[in-house]
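Construct the complete structure from the given sequences, taking the supplied hints into account.
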Amino acid sequence: MNRNSIAQTSALLVAFIAAGTIATAFAQRPGHNPMTLMDRDKNGSVSLKELRDFRSEITGETFARWDVDGSGELEQEELMSAVREILAKQAKKDDP
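Residues in the sequence shown are numbered consecutively from 25, following the numbering used here.
Treat the hints with care, as some may be off.
[Stated by the list, open to error] Taking lysine to aspartate or glutamate pairs in the EDC-like style, the calculated list, with each CA pair at most 16 Å apart, reads: (1) K73 <-> E99; (2) K73 <-> E97; (3) K66 <-> E81; (4) K113 <-> E99; (5) K66 <-> E97; (6) K66 <-> E99; (7) K113 <-> E81.
It is worth saying that the hints were derived from the structure and are not from the lab. A quick note: this is a predicted structure, and the numbers were derived from the prediction, not measured.
Here it is as structure tokens:
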């Protein structure tokens with residue numbers, strides 16, 4: 025990863041945390057994949073701890089519901105399903 029990519033990713037992470045929504049953060053950098061951003065240990069999946077680094081309010085129960093294969097980690101498909109659910113809930117909140 026070059027310095028520009030690191031700076032862009034860092035800016036996205038700050039925006040994500042500050043905004044508190046996945047929608048806002050990923051809308052700013054649509055080319056970024058949630059897995060790339062959240063998979064801190066680069067093992068190809070996202071743990072509850074890694075996910076909570078982005079969304080601290082995620083409960084173990086919610087994570088377990090998203091972890092359909094019961095592996096204790098969210099693989100790409102599971103993570104994208106979780107992101108879609110979060111975005112849908114956020115959209116409902118944002119609707120006047």
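Here is what the structure says about each hint:
{"no.": "1", "hint": "K73 <-> E99", "result": "14 Å, holds"}
{"no.": "2", "hint": "K73 <-> E97", "result": "10 Å, holds"}
{"no.": "3", "hint": "K66 <-> E81", "result": "23 Å, violated"}
{"no.": "4", "hint": "K113 <-> E99", "result": "21 Å, violated"}
{"no.": "5", "hint": "K66 <-> E97", "result": "12 Å, holds"}
{"no.": "6", "hint": "K66 <-> E99", "result": "12 Å, holds"}
{"no.": "7", "hint": "K113 <-> E81", "result": "14 Å, holds"}
Hints 3 and 4 from the earlier list are contradicted by this structure; the remaining hints agree with it.
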